[in-house]
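Number of protein chains: 2
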Amino acid sequence: MHLFYCPSLEVDLIELPEEEAHHATSVLRLKSGDRIGLLDGRGTRVEAEQAEMGKHRCAAIVLDRTSFPVERTARIHLAVAPTKQMERFEWFVEKAVEVGVDRITPLLTDRTERSKLRLDRLERVAIAAMKQSQRTWLPAVDALTTLGALIAQPPPPQRLFGWCEGRNEALMNVYAPDQDALVVIGPEGDLTSVEADQLRSAGFVAVSIGAARLRTETAACAATTWMSLAQQR
Amino acid sequence: MHLFYCPSLEVDLIELPEEEAHHATSVLRLKSGDRIGLLDGRGTRVEAEQAEMGKHRCAAIVLDRTSFPVERTARIHLAVAPTKQMERFEWFVEKAVEVGVDRITPLLTDRTERSKLRLDRLERVAIAAMKQSQRTWLPAVDALTTLGALIAQPPPPQRLFGWCEGRNEALMNVYAPDQDALVVIGPEGDLTSVEADQLRSAGFVAVSIGAARLRTETAACAATTWMSLAQQR
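Chains U and X are the protein sequences, given in the same order.
Numbered according to my numbering, the first sequence spans residues 14 to 246.
Numbered according to my numbering, the second sequence spans residues 14 to 246.
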């Protein structure tokens with residue numbers, strides 16, 4: 014059954030957002046009467062039937078409404094410096110949502126190669142990945158955030174950052190799957206040592222994610238994968 | 014230091030392969046006398062100095078030769094059905110090489126969407142990822158192989174396959190990091206139940222890789238990541 018994202022599913026006659034409506038009518042060419050699934054990204058999945066269809070409009074009648082609990086026992090939050098090639102960061106967002114993440118913060122660091130970010134694109138990628146992996150919870154994707162602003166936020170019990178210098182404990186040995194975690198992954202060229210000190214004094218622990226040198230998006234994806242799968246053992 | 018792939022590093026005056034020579038001369042515009050690194054993909058890393066440079070030729074004089082042991086205690090072999098969009102499979106190859114894999118077999122199954130494969134492209138991706146992650150061992154990338162031919166090969170002690178039907182043990186609980194492993198990941202639409210039976214009777218164990226439905230390349234990357242990182246705890 015085709016799934017569509019619809020932020021609000023409270024009422025019984027639901028108008029699909031423009032982009033989803035376009036996809037339903039012009040791309041999938043669904044007809045009135047067809048069954049579809051609707052996700053609000055907050056645990057609700059609705060089975061519905063296509064009602065009136067216009068060229069750019071599409072409404073659906075709710076047949077059945079199911080609520081799903083949160084998917085993880087402990088929250089996984091990745092704060093990652095966007096890569097120079099945006100497709101690599103978008104790829105990370107897609108994979109992290111598929112594998113399992115709660116929140117992604119694009120991180121502005123001294124060496125971050127970009128000061129702007131197409132947040133709408135990242136949200137589209139996240140929504141598509143949520144549908145693809147048949148999840149019912151849409152991870153939050155924040156606007157570009159400075160390291161200072163991230164540190165100023167209420168901290169989860171586990172705070173880690175990927176760090177290549179010196180010998181650091183492996184994420185796989187440090188990470189506790191039963192506690193909320195925030196993991197910071199630096200940009201190409203890594204965080205500066207000043208930023209690393211900032212993080213340490215905010216209670217972040219430096220970890221390695223395997224021995225090899227990983228690209229930013231690879232390190233972020235590997236950390237997310239380990240944490241999400243470690244919760245599902 | 015710029016790294017180049019050169020399958021044979023036995024002699025002391027080394028001619029770079031054409032593609033690498035082109036990259037050195039036309040792209041990086043290296044000059045005679047510049048220091049470069051050479052990798053044979055079999056554990057040898059050479060430090061060399063650029064010698065004669067032609068438009069399409071490039072030779073280097075060996076200054077120092079170092080041998081590195083194999084990177085893993087137990088081999089990781091992934092056999093994965095190529096995706097319809099080749100870039101998704103190439104992405105998996107890149108990430109698997111970065112995170113750590115020994116061998117990748119593109120798998121021809123009943124539902125595999127392609128009967129041809131640009132092996133040279135995959136090898137280029139693997140070589141680039143080896144350099145990127147500063148590894149000295151180049152994983153093997155096989156030609157497109159049928160499931161039957163794969164099963165007929167000498168089996169490693171651990172044989173697993175990703176399977177969504179029914180309740181299966183999680184890869185994370187089944188995988189033993191100290192033993193060589195072969196993991197089969199099916200195509201979009203999964204393996205057929207006949208293929209699953211074939212695998213079972215060949216001693217393969219069905220495993221789940223997390224609860225969510227993952228794309229082929231995501232499942233393959235997640236499995237590789239878990240196994241490689243589990244060896245580095």
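Derived from the structure by calculation, the hints contain no laboratory data.
Do not rely on the hints blindly, as some may be mistaken.
One copy or any two copies: either way a pair holds, since identical chains are not told apart in the list.
[Said to hold, decoys possible] Mimicking DSSO-like on lysine-lysine, the simulated pairs with C-alpha atoms at most 30 Å apart in a straight line are:
{"#": "1", "residue 1": "144", "residue 2": "44"}
{"#": "2", "residue 1": "44", "residue 2": "129"}
{"#": "3", "residue 1": "68", "residue 2": "129"}
{"#": "4", "residue 1": "97", "residue 2": "144"}
{"#": "5", "residue 1": "129", "residue 2": "97"}
{"#": "6", "residue 1": "144", "residue 2": "68"}
{"#": "7", "residue 1": "97", "residue 2": "44"}
{"#": "8", "residue 1": "68", "residue 2": "44"}
Do the hints match the structure? See the list:
no.: 1; hint: 144 - 44; in the structure: within (21 Å within a copy, 51 Å between copies)
no.: 2; hint: 44 - 129; in the structure: neither (40 Å within a copy, 37 Å between copies)
no.: 3; hint: 68 - 129; in the structure: neither (34 Å within a copy, 40 Å between copies)
no.: 4; hint: 97 - 144; in the structure: both (27 Å within a copy, 19 Å between copies)
no.: 5; hint: 129 - 97; in the structure: within (11 Å within a copy, 33 Å between copies)
no.: 6; hint: 144 - 68; in the structure: within (23 Å within a copy, 51 Å between copies)
no.: 7; hint: 97 - 44; in the structure: between (42 Å within a copy, 28 Å between copies)
no.: 8; hint: 68 - 44; in the structure: within (12 Å within a copy, 61 Å between copies)
Checked against the numbered hints given earlier, the structure breaks hints 2, 3 and satisfies all the rest.
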